[in-house]
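Build the full structure now, drawing on both the sequences and the hints.
Protein chains: 2
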Amino acid sequence: MKQVAILGSTGSIGTQSLDVIRRNPDRFRVGVLSCGRNVELLERQISEFHPQIAVTAREEDALTLQKALRESGNAGAGNRTEVLWGQEGLKTAASSNACDLVLNALLGISGLAPTMAAVEAGKDIALANKETLVTGGALVMDAVRKAGVRLLPVDSEHSAIFQCLEGNQGRKIRKILLTASGGPFRGWSRKQLESVTLEQALHHPKWSMGKKITIDSATMMNKGLEVIEARWLFDVPVDAIQILVHPQSIVHSMVEFEDGSVLAQLGNPDMRIPISLALGYPDRLESGEAELDFFDAGSWLTFERPDPEVFRCITLACSASRAGGSYPVALNGANEVLVDLFLHGKIRFIEIQEYLERILDAHVPEYHLTLEKILQIDQEVRQTAAQIARKVG
Amino acid sequence: MKQVAILGSTGSIGTQSLDVIRRNPDRFRVGVLSCGRNVELLERQISEFHPQIAVTAREEDALTLQKALRESGNAGAGNRTEVLWGQEGLKTAASSNACDLVLNALLGISGLAPTMAAVEAGKDIALANKETLVTGGALVMDAVRKAGVRLLPVDSEHSAIFQCLEGNQGRKIRKILLTASGGPFRGWSRKQLESVTLEQALHHPKWSMGKKITIDSATMMNKGLEVIEARWLFDVPVDAIQILVHPQSIVHSMVEFEDGSVLAQLGNPDMRIPISLALGYPDRLESGEAELDFFDAGSWLTFERPDPEVFRCITLACSASRAGGSYPVALNGANEVLVDLFLHGKIRFIEIQEYLERILDAHVPEYHLTLEKILQIDQEVRQTAAQIARKVG
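Protein chains in written order, with my numbering: chain W, 1 to 393; chain X, 1 to 393.
Worth double-checking, as some hints may not be accurate.
Intra- or inter-copy, both count: the list cannot distinguish identical chains.
Unchecked claim - The calculated DSS-like cross-link candidates involving lysine-lysine, where the alpha carbons are at most 27 Å apart (straight line), are: (1) K2 <-> K172; (2) K206 <-> K191; (3) K175 <-> K206; (4) K391 <-> K211; (5) K146 <-> K373.
If you are wondering where the hints come from, they were derived from the structure by calculation, not from laboratory data. Note that the structure is predicted; figures quoted are calculated from it, not measured.
Structure (structure tokens):
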């Protein structure tokens with residue numbers, strides 16, 4: 001019986017993780033649940049899964065939840081859920097004996113410190129929070145090696161690469177082929193991107209996801225962040241990672257070996273497949289997932305080159321990763337702020353990449369980063385990004 | 001240093017195997033070479049690779065070769081190639097200390113007894129002769145298990161499946177997706193197949209292979225034989241193997257697991273990739289193979305259902321495998337004779353499947369087959385097939 005912490009249990013990945021756990025009650029016990037603002041859903045999840053610990057983002061929500069749980073009779077001995085809050089609460093929960101495996105589906109850089117705490121406490125990690133590796137790659141991978149824990153990818157692309165590599169330990173990789181749906185603006189010109197509306201950007205053709213990642217998918221920054229994540233997870237140089245636009249989202253990524261052989265992982269675009277592999281590893285779980293229909297959805301698979309001049313975010317992310325040090329921290333922090341400004345109607349879609357480029361050009365890099373340093377640089381970059389946008393707006 | 005026997009070294013797979021060995025002189029030493037009728041090429045191969053043993057099909061060729069080698073100075077101490085002939089020669093060579101690994105690229109059922117001899121002598125097998133498993137599946141797999149040797153597939157499809165399974169030992173397979181180019185008559189109606197010429201049937205759109213296998217590819221019997229081979233190699237029921245027509249020949253086959261995840265192996269259609277994996281296993285060898293170009297050859301991958309009413313050979317092969325016993329032996333033997341008759345202009349293309357169906361309908365099956373029994377049934381079936389064709393012709 002695996003004890004699982006689901007950090008970010010009320011989001012898209014979190015709820016789908018609980019679907020997988022619900023189908024496999026003999027394998028998993030939920031030890032920790034956590035939410036951002038959706039306390040109502042968290043409360044329902046608590047009454048279904050009875051975790052040892054629940055964490056909210058804000059203290060006030062924790063107090064309300066505590067009260068509600070007490071009133072609903074959750075206070076009975078052996079059945080009591082302890083309520084914590086904030087980053088400290090997440091770190092405590094993720095390193096507690098309430099879990100052996102931490103599925104991290106937190107949003108943005110808020111996922112970094114809880115991952116580090118969990119790794120240092122010897123927990124295996126199922127990672128859906130790509131910012132953990134984008135901002136803290138060197139730090140986290142070093143801690144993972146020292147602690148001897150497993151770092152299992154949940155992103156569909158990284159899960160695909162992981163699966164292609166499973167039988168190929170010690171064999172030389174020629175190239176990782178990271179697929180991308182291309183988002184809603186595949187094939188658009190830079191000119192066309194200038195008049196993109198919020199509604200258009202939020203309409204992803206293949207995947208139903210949270211708002212931040214949906215916008216990242218539209219700018220293709222998501223793919224840029226994934227290149228950086230893959231670079232750390234699979235220990236390959238950025239230039240050995242090639243992005244293939246594959247609009248059908250059936251091939252989730254591929255690996256080419258030195259003999260010219262390419263392994264690929266395919267599946268319906270359903271996150272429960274990679275989630276269940278990360279949770280159940282080393283087993284594959286019976287998913288109830290429909291067979292991939294090669295005579296319908298998969299009967300026609302195409303691959304295109306993304307245009308790095310139109311989707312500048314890809315180029316910026318690869319450059320930031322090559323430059324190293326704090327560049328990826330700056331890239332990620334600035335992007336989080338800019339996407340939020342776009343979501344609130346403060347800047348235009350095209351300005352996400354334009355401001356980002358300016359911020360990175362002006363960034364003074366730091367190296368040999370500690371966790372504290374990363375979080376500090378992130379804060380500074382966010383201020384810069386907010387200022388630039390204010391000035392222009 | 002692996003000592004390798006190449007049985008059938010002058011054929012398409014044989015010469016490509018020697019290409020792979022030529023590129024990796026530090027890994028392999030050629031211990032055995034063998035030919036059918038092409039003694040001239042065998043002699044050149046002997047002077048390049050200096051095997052301990054060479055085998056010809058016919059005694060007269062062996063004597064001529066022996067003489068030629070003596071005259072050319074091959075008789076020097078420590079450099080001498082012993083020349084053997086026929087099935088006995090192949091069995092002796094394949095079980096001798098001249099090899100640790102036997103790559104079997106013999107034609108037809110003549111591959112069965114040498115495989116058995118090699119397995120019983122504890123040699124690993126790289127299998128390009130699918131008839132070995134089509135006719136002797138139960139017998140061979142049992143011997144492989146008892147001897148604890150490796151049976152490595154060389155067929156591109158089976159190598160693909162093998163690669164998809166490498167990291168998935170012990171995990172449940174939902175389905176094997178065996179791809180087929182569809183051959184030169186993909187999409188044709190039964191009516192159209194009636195007027196196929198020899199020239200048309202010998203023109204394969206993707207692979208350059210020997211004549212027998214090229215015709216098998218045109219009738220799609222090749223795919224039927226591959227279903228039977230896969231059934232034994234990977235221990236799955238015939239009904240868990242689905243044939244996908246994939247005219248680009250880039251995806252060489254796939255495996256679907258119980259979690260809904262599908263692994264696929266892709267590559268340029270070049271047999272040196274699966275050959276080098278079988279020879280070099282567990283290593284992948286640096287192949288010099290060009291990268292698979294997803295923006296050209298692989299930019300557009302399609303999948304179709306084969307029509308089991310037009311390509312009856314697929315249906316007949318699957319039925320024969322389900323029925324078991326000597327049915328696959330009859331299928332294979334009759335097919336070898338009928339293809340040969342077609343190649344010699346004695347019967348029409350469509351008659352291959354028509355006569356085959358009649359022969360199988362009339363076949364009285366035997367079970368619990370020994371090697372001798374299999375070879376005897378094969379002989380009987382060949383006579384029946386030749387008779388039927390004569391009567392009609």
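Consistency of the hints with the structure:
1. K2 <-> K172: Close across copies (21 Å), not inside one copy (33 Å); limit 27 Å.
2. K206 <-> K191: Within one copy only: 24 Å inside a chain, 42 Å across chains, cut-off 27 Å.
3. K175 <-> K206: The answer is both: 26 Å in one copy and 25 Å across copies each meet 27 Å.
4. K391 <-> K211: within (25 Å within a copy, 75 Å between copies)
5. K146 <-> K373: within (21 Å within a copy, 61 Å between copies)
The structure shown violates none of the earlier numbered hints.
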